[in-house]
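There are 2 protein chains.
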Amino acid sequence: MTDPAFQRWAVRIEYDGTGLVGWQRQASGLSVQALLETAASHLAGGAAVPSITAGRTDAGVHALAQVAHLDFPAHARLNRHAVREGLSFHLRPHAVVVLDAAPVGPEWSARFSATWRSYEYRIFNRRARPALAAGHVWHVKSPLDIARMQEGANHLVGAHDFTSFRAAACQANSPLRTLDELSIRREGDHVLIFAKARSFLHHQVRNMVGTLKLVGIGQWEPQRVAQALQARTRAAAGPTAPPEGLYLNGVGYDPDPFA
Amino acid sequence: MTDPAFQRWAVRIEYDGTGLVGWQRQASGLSVQALLETAASHLAGGAAVPSITAGRTDAGVHALAQVAHLDFPAHARLNRHAVREGLSFHLRPHAVVVLDAAPVGPEWSARFSATWRSYEYRIFNRRARPALAAGHVWHVKSPLDIARMQEGANHLVGAHDFTSFRAAACQANSPLRTLDELSIRREGDHVLIFAKARSFLHHQVRNMVGTLKLVGIGQWEPQRVAQALQARTRAAAGPTAPPEGLYLNGVGYDPDPFA
Chain W
1 MTDPAFQRWA
11 VRIEYDGTGL
21 VGWQRQASGL
31 SVQALLETAA
41 SHLAGGAAVP
51 SITAGRTDAG
61 VHALAQVAHL
71 DFPAHARLNR
81 HAVREGLSFH
91 LRPHAVVVLD
101 AAPVGPEWSA
111 RFSATWRSYE
121 YRIFNRRARP
131 ALAAGHVWHV
141 KSPLDIARMQ
151 EGANHLVGAH
161 DFTSFRAAAC
171 QANSPLRTLD
181 ELSIRREGDH
191 VLIFAKARSF
201 LHHQVRNMVG
211 TLKLVGIGQW
221 EPQRVAQALQ
231 ARTRAAAGPT
241 APPEGLYLNG
251 VGYDPDPFA
Chain C
1 MTDPAFQRWA
11 VRIEYDGTGL
21 VGWQRQASGL
31 SVQALLETAA
41 SHLAGGAAVP
51 SITAGRTDAG
61 VHALAQVAHL
71 DFPAHARLNR
81 HAVREGLSFH
91 LRPHAVVVLD
101 AAPVGPEWSA
111 RFSATWRSYE
121 YRIFNRRARP
131 ALAAGHVWHV
141 KSPLDIARMQ
151 EGANHLVGAH
161 DFTSFRAAAC
171 QANSPLRTLD
181 ELSIRREGDH
191 VLIFAKARSF
201 LHHQVRNMVG
211 TLKLVGIGQW
221 EPQRVAQALQ
231 ARTRAAAGPT
241 APPEGLYLNG
251 VGYDPDPFA
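Chains as they are written, first to last, in full-length UniProt numbering: chain W, 1 to 259; chain C, 1 to 259.
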């Protein structure tokens with residue numbers, strides 16, 4: 001067995017997407033990837049430390065529990081505490097923090113080893129604009145009927161061709177996805193939408209939420225969600241909900257490297 | 001009955017205290033009072049509109065449901081919708097929003113008519129610093145024992161001389177207050193402390209929280225809270241918890257002007 005030239009580490013990350021260009025490194029603007037890799041490079045004595053993530057979140061999207069892996073030079077000799085605390089230290093003052101870190105094998109991938117992803121979408125549903133939650137919710141003024149939204153959502157659960165809910169820029173080979181859960185609940189002024197699947201298409205959650213909002217305000221009958229799905233064309237579904245209400249809140253692996 | 005020269009309006013307000021100097025107008029910096037009175041003046045065609053609040057929150061302290069009253073010139077002829085929406089419009093882009101407005105009589109006072117105030121204090125209790133909740137919680141790394149904190153808190157409930165929990169700058173005539181409720185619960189990484197009383201001394205909630213934190217981390221026995229109270233000297237209690245975890249979350253009136 002050969003000793004690899006790098007040691008791969010899995011990290012679980014929380015971030016506030018406000019003001020960031022998203023996960024992926026861009027020509028300009030702050031990305032989570034660039035911030036994380038720069039922090040990792042500090043920890044590795046200046047060496048480049050490439051990363052791969054479970055979910056490339058868009059600009060403005062938040063994460064409660066994003067997962068990525070980082071390939072440190074094998075000579076860096078890090079331990080779990082040093083990776084977690086050292087990365088979080090070097091990520092200051094940015095709103096990105098490492099919650100946990102675990103060594104993984106060179107075949108393990110934050111992206112390809114993931115068995116599920118879950119997202120939460122937060123709608124702030126009252127007349128007055130949010131003062132405290134600004135940038136962290138989608139403000140919808142009209143009262144939302146949660147029971148109607150859930151009825152519409154139920155049409156999307158299961159294995160389907162999600163072409164109608166897929167961004168034009170989506171790079172996935174297939175529009176087929178299996179949505180394991182799409183549940184809606186109210187907590188005071190918040191309407192929370194929880195989605196879980198092995199993987200999602202680009203903008204799939206935001207397009208589903210933008211569609212269910214039409215059902216919630218009474219503009220669409222719940223049954224129309226099924227028709228939009230069957231139409232297999234983006235134009236048949238509702239608009240894309242804004243990024244600031246979306247949270248990547250979990251990525252699953254079997255076994256869990258952080259356990 | 002004479003027609004007063006002004007029409008008094010009660011308003012319920014939400015604000016994010018981050019970056020504000022607090023409720024009260026200061027020589028420099030943005031205050032909630034100055035922002036609200038400026039917005040009201042816009043609505044009153046430039047006339048001065050003085051305000052009085054139920055609770056003069058400190059710099060960095062937030063409000064979910066602050067109450068104030070505003071004296072508009074009687075000729076302004078406003079209605080409930082115009083006051084609520086007009087003030088919120090003119091408060092843009094600041095993180096201050098008017099949730100409700102109601103006309104009240106000239107004898108009604110946001111401050112003196114209040115029969116209770118309630119505050120919530122939010123501690124973020126995990127090792128990693130908060131990325132998403134930064135500025136909105138007190139970050140305490142050491143695990144907090146909620147049962148111990150509640151045991152300590154129970155010594156403070158009731159009618160007491162709260163000299164030990166009162167800021168040196170407190171202007172109240174008497175240190176006697178009746179604390180109706182002081183309850184603690186955990187919600188995931190958050191430890192939430194809820195306090196309710198007819199009125200509070202300056203820094204009373206933050207000083208109680210700073211003391212209960214010492215109990216929660218095991219540095220103090222719960223019984224020591226009773227001793228601190230009995231000592232009637234500020235030095236006997238714990239330090240003042242930081243402002244960013246504190247939320248004024250309710251003010252009660254009988255009858256409720258917003259009902």
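Rather than coming from a laboratory, the hints here were simulated on the basis of the structure. The structure displayed is predicted, hence computed values, not measured ones. Don't take each hint at face value.
[Unchecked claim] Covered by chain W, according to a simulated footprint, are these stretches of chain C (three or more residues, beta-carbon under 8 Å): (1) 13-23; (2) 130-140; (3) 220-226.
Glycine included, every Cβ here is placed at the ideal spot set by N, Cα and C.
> Okay, which hints does this one fail, numbers in order?
Replying inline: Violated hint: only 3; rest satisfied.
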